[in-house]
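Engineer: Chain residues, written in single-letter form:
Number of protein chains: 2
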Amino acid sequence: MIGIFDSGIGGLTVVKAFRELVAEYSLLYFGDTARMPYGTKSSETLLRYARQNTEWLLAHGAQMIVVACNSASAAATVQLRKAFPDVPFFGVVTPAVEAAIAATKNGRIGLVGTRATVASGMYESYAEKLSGGKAKVVSVACPLLVPLVEEGWLDSGETKRIIRKYVHPLRAKGVDTLVLGCTHYPLLKSLFQQKIGNGVALVDSAEAQAASVAHFLNNHPEWEKKLSKKKKDAFYVSDLTPQFQKTALRLLGESVTLHKVDFGK
Amino acid sequence: MIGIFDSGIGGLTVVKAFRELVAEYSLLYFGDTARMPYGTKSSETLLRYARQNTEWLLAHGAQMIVVACNSASAAATVQLRKAFPDVPFFGVVTPAVEAAIAATKNGRIGLVGTRATVASGMYESYAEKLSGGKAKVVSVACPLLVPLVEEGWLDSGETKRIIRKYVHPLRAKGVDTLVLGCTHYPLLKSLFQQKIGNGVALVDSAEAQAASVAHFLNNHPEWEKKLSKKKKDAFYVSDLTPQFQKTALRLLGESVTLHKVDFGK
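Note that the protein sequences, when read in sequence, are chains A and B. Just so you know, the numbering used here puts 1461 at position 260 of the first sequence, and the rest follows in order with no gaps. Just so you know, the numbering used here puts 1437 at position 236 of the second sequence, and the rest follows in order with no gaps.
Calculated from the structure, these hints are not laboratory results. Worth double-checking, as some hints may not be accurate.
If you want the footprint, here are the derived chain A segments under chain B, 3+ residues with CB under 8 Å [what the hints assert, rightly or not]:
| # | segment |
| --- | --- |
| 1 | 1231-1244 |
| 2 | 1349-1363 |
| 3 | 1437-1447 |
Don't be surprised by glycine CBs; every beta carbon is placed ideally from N, CA and C.
Looking at chain A on its own, in the form it has when it is part of the complex:
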């Protein structure tokens, strides 16, 4: 199975993108709702959580791991590859940066994400490296957007004002491409487009990540054969409340059964 983990239920936007691109494979999803969010925490703590989540997924049948959470991906993907050398890992930063470099004309890329993602500096350094110094990333941490999405305030006046405030410095810098660098932001896509302007290309990191997995499977028939195609997805979380169920429906666009597992001591 394709294993996928996230800080919580935000990663369901990646599942949604998967269902459009690599619909035939079975997914094993783990959302660490008991310790979410990740975007406010240190890279050291995120690395510890990412290892534990990976171990859980591997123990329950995952053969490759998708790190859906941008914060965990920025903090841990490189180290996870070293710690589990036989397991393919799919982060979100590289595919999102590649999509942004392909989209930008003036080389000025904006990034919106959590505090942890922005603090990691990964988008900046990958863009520098992958573009040979031609593309620069300007980033803004948007810590209020995850709670707003989780509350379902997707179209409220407050959310609009807060997004306008967040993208203001990116407009001022003249970015022509904006990376939505958090699993929750696809639900705010049209608001972002409206506030940053129609001339700016938006890169959805969830879509970019799903495309990178599809690309890998198309080019690695041995992996494509290994994976189950029974198409039986399973969703596990470390904590469960009625609100998480509601948010899951909002993010995936369809109802899903979340199973609670005992996780952590």
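Chain A is fixed; fit chain B onto it per the hints.
Structural biologist: Coordinates of chain B only, in the frame set by chain A:
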């Protein structure tokens, strides 16, 4: 020492209230920043966290435990008293309800708190019990306020609008008393007063809790003697980022050194 735990650094508002009322005692503070916030999580998970935090504090010299977090207090104080029968526990719900009953004239008490605190129904049932059925609690979950305080948006237009929206149903119900049932809300006290109206009495749960500890110590000289009066406070957290340090300064009103401990597996 007096042990005190919270989901994160919000409990520093309780420390601040302590310093005014029981300033001579040493405090041992533990903030579970690696797993915060608590207000969005289930009572089962909060009980598990509360037990672990209590064990940590007792192992590090605490003789009594203050559960600063309203969400943890509502979910776990009763069970903690059963699990650790020799340890005095101080929750926040009972003192806050007592203060609200003393303040209300029309018996209509409003409560603002996290989703977990409101979902517990503890404020409602304690108010019913302690007032002999005379006082009723109307509650509103305000999940966006903790992130707004942690971001330092204490006086922004968005925060004002959001608070107005939250207190609207409480105004409509004619409450004459409002319990600020979360460690973060003392920083929004004047905004709450402004939006709910000057005629409404505000009860700060952090102050009510500190007063209940002071009352206990004044009436239990054996405990008063047992506790260290060297006045050496120590602050531990399960995760540490620059943002947590900033928030600590904001909540306590003075600079404090946070020490990170390895916690959880």
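Engineer: Confirm or reject each hint.
Structural biologist: Hints versus structure:
1. 1231-1244: It holds: at least three residues are needed, and the segment 1231-1244 of chain A offers 7 whose Cβ sits within less than 8 Å of chain B.
2. 1349-1363: holds (count 8)
3. 1437-1447: Since 5 is at least three, the answer is holds.
In summary, the structure agrees with every hint in the numbered list given earlier.
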